[in-house]
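Chemist: We have chain A; now place chain B onto it with these hints.
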Amino acid sequence: MNPYLTHLRPKSDLYGRSWAKPRLNMAACGIVWASVPGERSHESFTAPWGGGVQANRTGAPDSLEITSAPKQTPKWGKVLDQTRCIGCHACTTACKSENEVPLSVTRTYVKSVEVGYFPHTRRSFQVTRCNMCESAPCVAACPTGAMYQRDDGLVDFDKSICIGCKACIAACPYDAIFINPEDQSAEKCNFCSHRLDIGLEPACVVVCPVEAIFVGDLNDSASRVAKVVNREPVTVRRPEKETRPKVFYHGAHQATLDPIAARRPGGDSFMWSEQTAGGDHVVSGHPESWNNSSAAALLSYDVPHRAPWDWRVSLYTWTKAIAAGAYLVPLLLILAGSISWDSDIFTQAAPITGLLFLAITGVLLIADLSHPGRFYMIFTRPQWSSWLVKGGFLIAAYAGVLTLHLLATVVGLGIAHKMLAVPGVPLSIMAAVYTAYLFAQSKGRDMWQSALLPPHMFVQMTLAGSAVLLLLAPAIEEAAVTPLALVLAAGVLGHLLMVWGEATLTHPTAHAHLAVWEMTRGRFSNFFWVGVALVTVGLTAPLIGPLAAPVALAGLLAHEHAYVQAAQAVPLA
Amino acid sequence: MTERSLDDLARRVSAARAEVEARGETFYPGPSRINLAAFPPKERWDNWVELDSRSFPKRIEKRYMLVPTTCFNCESACGLLAYIDKETLQVRKFEGNPEHPGSRGRNCAKGPATLNQVTDPDRILYPLRRTGARGEGKWVKVDWDEALDELAARIRKAITEDRHNEVMYHVGRPGEDGFTERVLATWGVDGHNSHTNVCSSGARAGYHFWTGIDRPSPDHANAKVIYLISSHLEAGHYFNPHAQRVMEAKQAGAKLIVLDVRLSNTATHADHWLSPYPGSEAAINLAIANHLIQNDLYDREFVRRWWNWKEYLASEHPELEERFEVFEPLLKELYKEFTFEFAAAESGVEVETLADVAAIVATAGTRLSTHNWRSAAAGNLGGWQVSRTLFLLSALLGAIATPGGTYPNAWNKFVPKPIYSPPHPLTWNELTWPLEYPLALNELSFLLPHFLREGRGKLDVYFTRAHNPVWTNPDGFSWIESLTDLDKVGLHVALTPTWNETAYFADYILPMGHSSERHDVHSYEQYDGQWIGFRQPVLKVARERLGESVADTREVNPGEVWEENQFWIELSWRIDPDGVLGIRRYYESEKSPGTKLSVDEYYGWMFENSVPGLPEKASAEGLSPLEYMRRYGAFEISKGVGRVHEQQVSPDELTGTAESRFGRVFATSVKPPSCNVVPQATPEPDQFGRRAVGVRIDGEVLRGFPTPSGRLEFFSTTLASWGWREHALPGYIRSHIHPAALSPQQMPLISTFRLPIQIHTRSANAKWLDEIAHSNPLWMHPVDAARFEIGSSDLVRVSTEIGHFVVKVWITEGIRPGVVACSHHMGRWKLTDQGQRQMMATVDLDNTDGRWGMKRRGGVEPYESADADTKRIWWTDVGVHQNLTFSVHPDPISGQHCWHQAVSVSKAEPGDSYGDIFVDTTKAHQVYLRWMELTRNALAVSPDQTRRPYWLMRPLKPAIEAFRLPKVRA
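So the protein sequences, as listed, match chains A and B. Take the first sequence: its letter number 300 is residue 300 in our numbering, and every next letter is one higher. Take the second sequence: its letter number 661 is residue 661 in our numbering, and every next letter is one higher.
Read the hints as simulated data drawn from the structure, not as lab findings. From the three backbone atoms N, C-alpha and C, an ideal C-beta is built for every residue, glycine too. Don't take each hint at face value.
What the hints assert, rightly or not - A partial selection of chain B residues facing chain A, derived with a Cβ cut-off under 7 Å: (1) I34; (2) F56; (3) I60; (4) N107; (5) P112; (6) Y126; (7) N240; (8) W768; (9) E771; (10) D877.
As the list claims (entries may be wrong) - Simulated restraints, written as ranges between beta carbons of each label pair: (11) B/G858 to A/E182: 23 to 31 Å; (12) A/S221 to B/E43: 31 to 39 Å; (13) A/E182 to B/D487: 47 to 55 Å; (14) A/R231 to B/I60: 35 to 43 Å; (15) A/R231 to B/S650: 16 to 24 Å; (16) B/D85 to A/P181: 21 to 29 Å; (17) A/Q72 to B/D46: 28 to 36 Å.
What the hints assert, rightly or not - In silico EDC-like links for lysine to aspartate or glutamate, alpha-carbon gap of 16 Å or less: (18) B/K871 to A/D151; (19) B/K871 to A/D344; (20) B/K58 to A/D158; (21) A/K418 to A/D344; (22) A/K159 to B/D52.
In isolation and in its complexed conformation, chain A is listed as follows:
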């Protein structure tokens, strides 16, 4: 099932609550639309309204008829008319005002790019914000339904149930979502749904001096929005992401629509503001001098975005690989006949190491939430297309297996170990590999949509599991050292092959290419190459034994960090 196809989405959660909130069903309540049933009334735009202003407004050359939308659920769309936009940022501050958006984050802003060579130069603007996708990756990725789609197509959010996992941010191919530093919950442009619901235009639409922003019902072919969308050359951002945006750009330049089309200026300055690069900031434009644009293009104003997942997520993939591998590797050794079912490695070291690292994993995951206290909502109001939810349950189930496994050890019930291995094998593998799906659900991060990722995570769990156990083996069971060292070396070999493939194969998209560039040659190349070098030491495990293990583990951690961060270092907006 493609989690991005909303029509396949489950309609209710575990508790039978409707997924799209029924109380927001506008058609049912009929609050906004004409009271004449079934009739669409077309009246002149110059119809009665206030005083002298009326006369002025009628001067507009593009006076269109006002439509009262039919009494059916609308499909809200928006046009950003870049042929009109004068880059004044009225929408930016009107939105800050209407939605009380704090400094350092924005729901909307106006990116600008200078295109061309003097004197044939232009400044291209892009009003940048949520694209109100019909197949919204943020909705699919949200573990609690805090990010949800209304019946009228609006993607809205409910801050009261946001756990702050940032999966929506990672999922958004437009980097339009952020965590509000005031309330720690995710938010974005919602077309001012609180205004739409009482019949008011969104704040940015009202303020715009040149009427460059307007909304309407895409189902109503007579609406101004539908006319422009259907008759004018409009574009959507990143159509290849299959999100089917309902925000249409009229007359936008490719140099703004494509976030890496323009060159990112060197130094720390834009045209009139600081460029906050570095750290976890992601600035639009291509960091290298080359660009994708048909013309010379230089980014001149942008708002820095933050990579949603920091070192805690890099570390979590590592601890989880250890936790998963610590159980699976000895089990594989048993099946291969290298060690026995009652080996201490399997009965004690595996569950204890597994549970310990699962606990660390859990702590990291919770610590990464901006609402750690709401962690439980993953389980109490799961949104099943979210891999965070699936992963949470997988980890919980795997933790259950490990706990029972340890219990069996304590009570000396050997048969239980064998029985538990039946769910234990798939659960440990899934606990390691589900992250590939979690990452891939981050639709914006091209490097993560890789077929290599699930097998790679499997390889990494064997590498990590064998390395950890190799450290412990001399004290527990000398005989396990050699097989573990062999597994480690094999894991390292597999890992290096995967990395080699990742780094050198032609990439499917420019974004994936740039991410790999950032990993191997850009901002994270230090981590990457240190990782490669240290992991390679793991190949010598059959020769130097446990000494190779910590080196390989450190290398894997460095690699994970480079991999997790590089994918997020590509500008999306």
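Modeler: Positioned in the frame of chain A, the structure of chain B alone reads:
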């Protein structure tokens, strides 16, 4: 705070069309042209319910009272609608005012950001008096009474001791039409000083010499061709109202031509962006004019009827017959040198481009709208010829006061006559109107420190109001030297809503209200119509709607922030408490004589008596005129004013007429009373004292223009007779930064451009704006960057005549190679903790005998305040204060400061840090003296023993007696 059903909500609060119309209320359509309203119906402005955006989708209802006021950032004066939370009685947000005819409910970024200015944690809330030395930064909170009493006593003493010229009021953004000028008139002082000569007086002079009116009113919306030497899609005069109309015209197929050295947001929308070498704009205008003239593409009939070509012939070719057919070949001869090749050589713009643009202009007919404001007119020696030559294009095509053409602003502006009209003062202040500048349209404000240094006078009480000369004007260190000299400036009072660099050098800082905390009335020419807007203290209005009585804005404003209207009334009363000086009577209530005039009565009287149509409109809604303005904030008086100059003078006025040889008609009739006291020139009466009533054209006596001739003055008899005969025609004056005037190392620096999200010294207290724009790197073309081996964001040292500044570089294709540019909006600073911590760097000043240095101690950083957002400030940069390093460049005719600088740019030197500034004020004074040598003193050139042509516009015009030249002058 309840969640209610949507049906109930819809019934009560929906602004959607069907519900609104079912309720019989006003539906305000928005740009989406659907059932959504842009604004709540006006019938619900007393009690409007909205859903709280933060709590959504939980439906928390918030109740608001909507009160209109006017934005007080740029000059456009767009309407705002304050949403006042009925629980807290504080402003929750500002939106546009749909009842405002100019802005039509829309705003730029600065409109919503007004909220930041009101809630700014760093604003000045109480009157402050300095305790240490002036400029030391030590302040103590004082009572308003204490400040008022000291001020009143000093001013009274100055007046009674006949030291009228020692009282000066120096205003930046007026934001109002005439209130304070009249205050000064009641005191009998010629004490008005403005910022206009660092802003728009160059452009004004060019328009004024043509029409007797100093501003254009282009009808962009209906134009076929729009020709801008300005950036009205991003800057004031009138940014938002004009941007709306320019884009409307563009959507309807109009062609947009923009001249701007750097790529503005306006230029980016142009069909033709011309980036001329700075100062060559007039040459381009003249080349286009020449194209129209040589190819007979101009409106012959219009030129014949309305140009004063007869005066030209009589003055310059007295031997020739005064016939149009004689003039036309001369016209061809006059402009034939201005070929496209000539303009291309001067401007660097290609011949083909110029020819294309000229061809487009020629297609416009009477639908050519043109606009020059600041920009080139404010940058160059002779910049006033930029607007004069631009108007030449309109005048050639007859595109004057036509649909899609350009109107004189006075026809699209309405200044209601107030309750009292004090007489013109009898004094002449040479600190603002020196004899060297008989033709300057505005005060030589920026020369004040040099005049004081030369001992031309001194100031006893000096008000600065919404003005920051230390930061805004060139040569700020000379300002600091003057302001810290107690002998030159006895008492400096800064009237300001917020900290500024000039206020640091004040004796009193008196906190004045922002846009939603004060009263003003104003009118601006933004289309062919006339409207007035009402700025009002919204919390006062809200409380009054709730039945409370608020006599004084200090009761509702934060801290003890006051409004200026009431301050001036109170101060004037205290200057003349017993009425002996004749001042008090202008501040007495008409309704109850002997008591103080209230602000309500002042505006109530004005709206009842001076605004045609308003009483009727108000009464139709059951409101008094004042109540109407309080409710809607704006009123449109007329629309489609049309060709005022073509109106026939009524026979009633044509009594005792006499006619000059050129058809100027004078009459003995009394001027019919008008309640519109819009400023315009006042053509002088004839030798028998008959007033100029019109001009005879083809047998009819028409209203004409307020010029000496009554016609459009192609040939300015004033320039010709006041010593500038060589510039009496629209022509080209080579700029002080013309290539021929520069050394090989020098290049021009364009220092004046605005950003769409900041406004001079006024918006540093708006966090949303600061977050967007907070730096002013030096724009440089890649070719130049390569020449200097400079990379993006590298530091450079920019050296002017008197010093240098150190700044970052922005390498861009958006500027002409060989020219650099730096926006003037940035570089705010403070010496101590006092100031805007969001947008001011902390600096150290060092002065050794006029050799000034400024070093940056720190940029902006996050800080704790009542506003949680200040902890989230992420920018550190605030830009560089380049104006400090500029010497004064007064244009000898217009008096406009010519902003462009000849600079040399080099890599920063060892020890240079970002924001460093060095200036030698001794050199600055020498530059001043060099420019003064260009002037032609009235003592030498006055044709009639007056200081200045009486007919010219002048803010706070003195009585005619004061115009006489002084008898002796050393």
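Chemist: Look at each hint and say if it fits the structure.
Modeler: Structure-based check of each hint:
no., hint, result
1, I34, "holds (5 Å)"
2, F56, "holds (4 Å)"
3, I60, "violated (9 Å)"
4, N107, "holds (5 Å)"
5, P112, "holds (4 Å)"
6, Y126, "violated (27 Å)"
7, N240, "holds (5 Å)"
8, W768, "holds (4 Å)"
9, E771, "holds (5 Å)"
10, D877, "holds (5 Å)"
11, B/G858 to A/E182: 23 to 31 Å, "holds (27 Å)"
12, A/S221 to B/E43: 31 to 39 Å, "holds (33 Å)"
13, A/E182 to B/D487: 47 to 55 Å, "holds (53 Å)"
14, A/R231 to B/I60: 35 to 43 Å, "holds (40 Å)"
15, A/R231 to B/S650: 16 to 24 Å, "violated (53 Å)"
16, B/D85 to A/P181: 21 to 29 Å, "holds (23 Å)"
17, A/Q72 to B/D46: 28 to 36 Å, "holds (35 Å)"
18, B/K871 to A/D151, "violated (39 Å)"
19, B/K871 to A/D344, "violated (54 Å)"
20, B/K58 to A/D158, "holds (8 Å)"
21, A/K418 to A/D344, "holds (14 Å)"
22, A/K159 to B/D52, "holds (13 Å)"
Of the numbered hints listed earlier, those contradicted by the structure are 3, 6, 15, 18 and 19.
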